[in-house]
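Undergrad: Residue numbers (the working numbering), protein chains in the order written: chain F, 15 to 128; chain C, 544 to 654.
Incorrect hints may have been included.
What the hints assert, rightly or not - Each pair of labels, with its calculated beta carbon distance range:
hint, chain 1, residue 1, chain 2, residue 2, range
1, F, 31, C, 571, 44 to 52 Å
2, C, 654, F, 34, 39 to 47 Å
3, F, 94, C, 574, 38 to 46 Å
4, F, 27, C, 582, 19 to 27 Å
5, C, 653, F, 128, 36 to 44 Å
To be verified - With a Cα cut of at most 30 Å, we get these calculated DSSO-like pairs of lysine-lysine:
hint, chain 1, residue 1, chain 2, residue 2
6, F, 94, C, 599
7, C, 585, F, 94
8, C, 599, C, 641
9, C, 610, F, 93
10, F, 94, C, 641
11, C, 641, C, 585
12, C, 599, C, 610
13, C, 641, C, 610
14, C, 585, C, 599
15, C, 610, C, 646
16, F, 93, C, 599
17, C, 646, C, 599
18, C, 585, C, 646
Simulated from the structure, these hints should not be mistaken for laboratory data. Backbone N, C-alpha and C fix where the C-beta goes; we use that ideal spot for every residue, glycine too.
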Amino acid sequence: SQTIHQWPATLVQPVGSPLSLECTVEGTSNPNLYWYRQAAGRGLQLLFYSVGIGQISSEVPQNLSASRPQDRQFILSSKKLLLSDSGFYLCAWSVSGQGVGELFFGEGSRLTVL
Amino acid sequence: QKEVEQNSGPLSVPEGAIASLNCTYSDRGSQSFFWYRQYSGKSPELIMFIYSNGDKEDGRFTAQLNKASQYVSLLIRDSQPSDSATYLCAVVTGANSKLTFGKGITLSVRP
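Work the whole structure out from these sequences, hints included.
TA: Structure representation (structure tokens):
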């Protein structure tokens, strides 16, 4: 069966510090991968998605970046965090070639920027 | 106009009642519709999807789609306290098939 793991689960970072969130998927090949952010009082916002190694599409201009160094690994990064980067970050995957709506989410990473 | 809109609630129903959760969308060309459940502090999980007009039943859950009126709803029969969660409506919209989420509605089932 397929599983998705995301870490760290919780982190508190000062403004201006770097960020690295990692996500891995097991039990499937060539998944579509996504990074979402859920801020308080707001809906899920798609940040990045990837259909293959090294292929990253950005949905929202910001100080975040994403990379996909391996087929089932997706990394979200920032060189300098802003207060507005606080939120619940969710990695998700879907089956390649199928509809984009059937997503399987990781456990989430709750980021607080102080 | 927001692309996917849900009444923010919260919605409170007694145990055993039917909970009705509604969602409207703006893109008339949308073809795929999804309901996710999110427990407090947890990640969303897909519980239902519907592509055709009408009803789709899965256990205690029924998704209803009306493309002419541009709304999709989720009915939960015999509501249980374990159904207490936030329910997110999601719609695939636009020519680039983007999945757009509503802000969600929080359901509370009173024992």
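Undergrad: Could you run down the list of hints and mark each one as holding or not?
TA: Now the hints, each set against the structure:
1. The hinted range of 44 to 52 Å is satisfied by residue 31/F and residue 571/C, whose Cβ atoms lie roughly 45 Å apart.
2. Here the CB-CB span from residue 654/C to residue 34/F is close to 43 Å, well matched to the stated 39 to 47 Å.
3. Between residue 94/F and residue 574/C the Cβ separation comes to about 40 Å, which falls inside the hinted range of 38 to 46 Å.
4. Taking the beta carbon of each, residue 27/F and residue 582/C are about 26 Å apart, inside 19 to 27 Å as hinted.
5. A beta carbon spacing of about 37 Å between residue 653/C and residue 128/F agrees with the range 36 to 44 Å that was offered as a hint.
6. This hinted pair does not check out: residue 94/F and residue 599/C have alpha carbons roughly 47 Å apart, beyond 30 Å.
7. Among the hinted pairs, residue 585/C with residue 94/F is consistent with the structure: their alpha-carbon atoms are about 27 Å apart, no more than 30 Å.
8. Among the hinted pairs, residue 599/C with residue 641/C is consistent with the structure: their alpha-carbon atoms are about 23 Å apart, no more than 30 Å.
9. At roughly 44 Å between alpha-carbon atoms, residue 610/C and residue 93/F are farther apart than 30 Å, so this suggested pair is violated.
10. Among the hinted pairs, residue 94/F with residue 641/C is consistent with the structure: their alpha-carbon atoms are about 28 Å apart, no more than 30 Å.
11. For the given pair, residue 641/C sits about 23 Å from residue 585/C by alpha-carbon distance, which is consistent with the 30 Å threshold.
12. Proximity of residue 599/C to residue 610/C is assessed by CA-CA distance (about 14 Å); at most 30 Å being required, the pair is judged to hold.
13. Taking the CA atoms of residue 641/C and residue 610/C, the gap is near 18 Å; set against the 30 Å cutoff, the hint holds.
14. Simply put, residue 585/C and residue 599/C have alpha-carbon atoms about 26 Å apart, close enough for the 30 Å limit, and the pair holds.
15. At most 30 Å may separate the alpha-carbon atoms for a hinted pair to count; residue 610/C and residue 646/C meet this at roughly 20 Å.
16. Between residue 93/F and residue 599/C, the direct Cα distance comes to roughly 46 Å. Violation of the 30 Å bound is thereby established for this hinted pair.
17. With a C-alpha separation of about 23 Å, the suggested pair residue 646/C and residue 599/C falls inside the 30 Å cut-off, and the hint holds.
18. Our distance criterion of 30 Å between C-alpha atoms is met by residue 585/C and residue 646/C, whose separation comes to about 15 Å.
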